[in-house]
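Novice: Below, each chain spelled out in residue letters.
Number of protein chains: 2
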Amino acid sequence: MPYFDTASAAPLHPVARQALIAALDEGWADPARLYREGRRARLLLDAAREAAAAAVGCRPDELVFTPSGTRALHAAVAGAAAGRHRTGRHLVHSAVEHSAVLHAAEPFDTTAVGVDRAGRVDAGEFAAALRTDTALACLQSANHEVGTVQPVAEVADACRAAGVPLLVDAAQSLAWGPVPGAWSLLAGSAHKWGGPPGVGLLAVRKGTRFAPQEPADDRESGRAPGFENLPAIVAAAASLRAVRAEAAAEAVRLSALVDRIRTRVPQLVPDVEVVGHDRLRLPHLVTFSCLYVDGEALLTGLDRAGFSVSSGSSCTSSTLTPSHVLKAMGVLSEGNVRVSLPAGTGEEEVTRFLAVLPEVVAEVRGRLGAPPAGRTSGPASAAASAAGASADLVVDSLGKRCPIPVIELAKVIGDVPVGGLITVLSDDEAARLDIPAWCAMRDQDYIGEHPATRGTAYQIRRRT
Amino acid sequence: MPYFDTASAAPLHPVARQALIAALDEGWADPARLYREGRRARLLLDAAREAAAAAVGCRPDELVFTPSGTRALHAAVAGAAAGRHRTGRHLVHSAVEHSAVLHAAEPFDTTAVGVDRAGRVDAGEFAAALRTDTALACLQSANHEVGTVQPVAEVADACRAAGVPLLVDAAQSLAWGPVPGAWSLLAGSAHKWGGPPGVGLLAVRKGTRFAPQEPADDRESGRAPGFENLPAIVAAAASLRAVRAEAAAEAVRLSALVDRIRTRVPQLVPDVEVVGHDRLRLPHLVTFSCLYVDGEALLTGLDRAGFSVSSGSSCTSSTLTPSHVLKAMGVLSEGNVRVSLPAGTGEEEVTRFLAVLPEVVAEVRGRLGAPPAGRTSGPASAAASAAGASADLVVDSLGKRCPIPVIELAKVIGDVPVGGLITVLSDDEAARLDIPAWCAMRDQDYIGEHPATRGTAYQIRRRT
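Going down the list, the protein sequences come from chains A and B. The working numbering applies: residue 1 is where the first sequence begins, and numbers increase by one. The working numbering applies: residue 465 is where the second sequence begins, and numbers increase by one.
Wrong hints could be hidden among the right ones.
[Unchecked claim] Chain A is nowhere near these chain B residues, computed Cβ spacing over 12 angstroms in every case: (1) G491; (2) A587; (3) A626; (4) V716; (5) D723; (6) V738; (7) P836; (8) K875; (9) D891.
[Unchecked claim] Listed next, the stretches of chain A that the computed footprint assigns to chain B, with coverage defined by at least 3 CB atoms under 8 angstroms from CB atoms of chain B: (10) 26-33; (11) 63-70; (12) 209-223; (13) 229-237; (14) 308-314.
[Unchecked claim] Only some residues are given here: those of chain B computed to face chain A with a beta carbon under 10 angstroms: (15) Y467; (16) D469; (17) R481; (18) S532; (19) P571; (20) P689; (21) L694; (22) T764; (23) L766.
For the record, the hints were derived by calculation from the structure and aren't laboratory data. All figures in this text were calculated on a predicted structure; none of them were measured in a lab. We put the CB at the ideal spot given by N, CA and C, even for glycine.
All chains should be built: construct the whole structure from the sequences, respecting the hints.
Specialist: Here it is, written out as structure tokens:
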């Protein structure tokens with residue numbers, strides 16, 4: 001049963017499993033104690049710290065273990081910003097950071113640097129956002145939803161030149177290699193690299209001002225309060241070393257499989273947009289969106305067919321809004337699928353996925369009454385012609401959720417003449433992203449949106 | 465090799481070990497995902513929450529898992545105080561709370577309610593400290609250093625009457641049973657009951673105002689950000705259930721062993737003070753302090769003899785101050801030993817400990833040149849008499865660490881006549897606690913302290 005959602009949580013690496021079980025017997029005691037059980041625990045903790053620091057590319061005394069990647073990011077943003085509170089309360093981050101960064105940044109004055117359609121920030125644009133009152137800059141090494149690799153080294157140089165520390169969220173890339181460049185802080189998450197959950201890491205390079213914002217605590221240099229999650233820390237460090245040993249070969253292998261998905265999916269499934277950068281990307285991750293498809297139904301269909309994947313569609317979110325990453329990229333969010341292959345994924349699993357996907361998509365589209373595959377638009381329908389179609393049309397999609405507003409638009413575009421205007425009324429957040437994306441995919445003119453008595457009015461002019 | 469420091473961290477319970485290993489295979493995925501691995505993880509998480517809630521005595525939806533007991537306390541203090549910020553910023557807590565509570569309370573206006581010599585708060589005195597601007601009250605169920613059980617139910621009633629929520633730190637007692645009474649919030653720590661590290665729990669009863677102070681996060685009702693430490697949570701819940709099943713019988717058995725230590729230690733070792741309540745106490749924990757002994761040397765000696773114990777002496781603390789608990793109780797802190805027996809401790813291990821302890825104490829005392837055992841004082845020494853001892857004496861102990869200032873005082877008390885005054889100059893924090901404690905144990909009059917040119921001058925009048 002292929003599990004293709006490593007970007008959420010990787011299955012435990014066999015080395016992590018072994019190390020964890022061994023450390024249960026040797027590493028349960030308090031490493032702050034002086035008796036033998038405590039000394040044993042301390043030795044394990046020190047060794048894990050050294051191994052993790054070597055993999056990150058920092059000194060062991062610059063690295064602490066936190067309870068999760070999320071908590072590492074929270075502590076990093078709060079601690080680094082507080083360390084420079086005299087400079088100001090301004091933070092710069094990309095628009096596609098992980099929600100842990102965005103939420104931690106909420107109390108501050110922030111500038112979100114936009115990304116291109118591939119999800120990549122421009123280093124120059126990022127540098128231009130730095131101000132004299134910027135306390136901290138944040139940039140992920142690679143995006144968690146679309147896999148696009150960010151220009152971290154260039155941005156780090158710009159930050160250094162401006163005297164601003166750069167925090168790198170390396171959660172998605174740490175399995176593949178150290179983050180290059182002159183970053184100041186870095187966060188990672190063990191369960192993304194095959195370690196157990198319950199372990200994050202936070203590196204703060206010497207010379208970086210840092211004032212921990214949590215209550216005082218002796219452990220982990222005062223940067224991560226609470227008893228160390230020791231057996232899991234040992235397992236996390238061991239598995240990081242293990243995945244790194246396999247990383248170069250596995251990256252080549254998985255990258256070829258991802259290329260196959262990137263190429264074949266649009267050939268096999270009509271009306272698909274593959275999103276994210278085609279070269280500057282993580283080796284194991286690919287994301288695409290399918291027109292006229294409900295993301296949750298697609299995930300359920302793939303799950304029934306034995307494939308576990310993730311989605312940034314609004315229907316799979318608790319807030320019913322599409323992923324902020326897809327939104328920032330301006331790409332289609334409906335029928336969104338993220339495939340992230342675990343190490344060891346075989347070619348035959350990908351072959352089977354490519355065999356199953358078209359059927360599942362077709363089934364969902366059929367159920368939703370989607371327009372025929374690949375139809376751009378067409379002549380005015382017979383009914384419309386007979387009735388002498390008016391130039392303009394209003395589609396009331398109020399109360400309907402993604403992908404229905406887009407399906408209804410697609411169905412009626414042929415009912416207006418070329419040059420005719422369609423107004424779609426919708427109160428679904430996904431429409432804001434998906435109606436313009438549909439227009440771009442279908443070569444129609446997206447005019448814009450304005451508030452309506454209820455919901456929002458989206459205007460489209462038929463071009464073809 | 466007997467490990468007698470369960471109050472720091474209990475060895476992993478066999479049930480926890482089994483459950484953890486099983487959950488590594490079933491519970492590594494993201495419980496927020498809808499595919500089969502995620503659903504399996506969600507089932508495990510829900511079952512663990514139900515089991516933990518049943519053991520705590522709350523509803524499953526009132527309980528969240530945190531990364532540690534410390535983080536549960538931090539979140540509880542910050543969240544409950546913020547939830548009632550309109551009431552005020554005043555917090556009431558006992559003087560002997562865990563440092564996690566004291567540090568979390570630092571940003572607030574606090575009243576520390578004192579304890580008696582047994583380490584127990586008086587419920588009436590606690591109630592009297594509640595004010596109209598009190599946002600939160602905090603009381604441990606039992607003390608972590610001396611085992612004294614606090615009057616939680618009475619204090620909870622008083623808090624309820626005053627409309628103030630009570631947070632109970634139940635870290636030390638949860639293995640033994642639920643906390644009685646109308647508390648509002650409760651925190652616990654899995655590695656204290658034989659679960660793995662990396663898991664704490666926080667219960668917030670319905671109707672308690674609570675405003676999480678960490679960055680927003682979907683997980684654990686927004687009260688504990690970050691990916692759930694799932695295999696460890698499963699193990700924590702399983703072991704809590706397991707230790708509870710054995711608790712009643714084990715409490716009787718260990719309590720008898722502790723009573724034996726409480727009785728025999730003062731008989732076997734001269735100049736010992738057993739501290740903590742003799743009846744209202746945890747079943748497995750006993751603490752005593754040995755005059756003229758260096759706590760660190762004592763721990764090292766016991767470790768060499770195969771016993772792992774803990775200490776609240778200043779020399780075993782990173783800040784070189786004696787434990788705030790012993791300080792609040794006004795008891796001797798030098799040569800302090802905390803014995804906390806794990807479940808399953810045999811009688812023969814305690815017998816062996818009682819055989820070894822006197823030798824180890826005697827060895828440390830011999831090395832430090834301590835006065836002969838049991839000597840209260842004596843006639844003025846021959847030298848002093850011959851010289852025509854002056855009525856008063858100054859002992860310069862500046863730069864010397866615990867227990868040297870007390871040893872030097874004990875050595876010269878015989879050199880002044882009854883009624884004579886001794887002034888001990890010391891810059892060691894432990895002297896502030898241990899000189900008065902020594903006077904109480906030795907029936908000498910402690911006059912008081914005042915600042916000296918260097919350090920502090922402690923004044924003692926010879927009475928016997």
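Novice: For which of the previously enumerated hints does the structure constitute a violation, in increasing order of number?
Specialist: Result: hint 1 breaks, nothing else.
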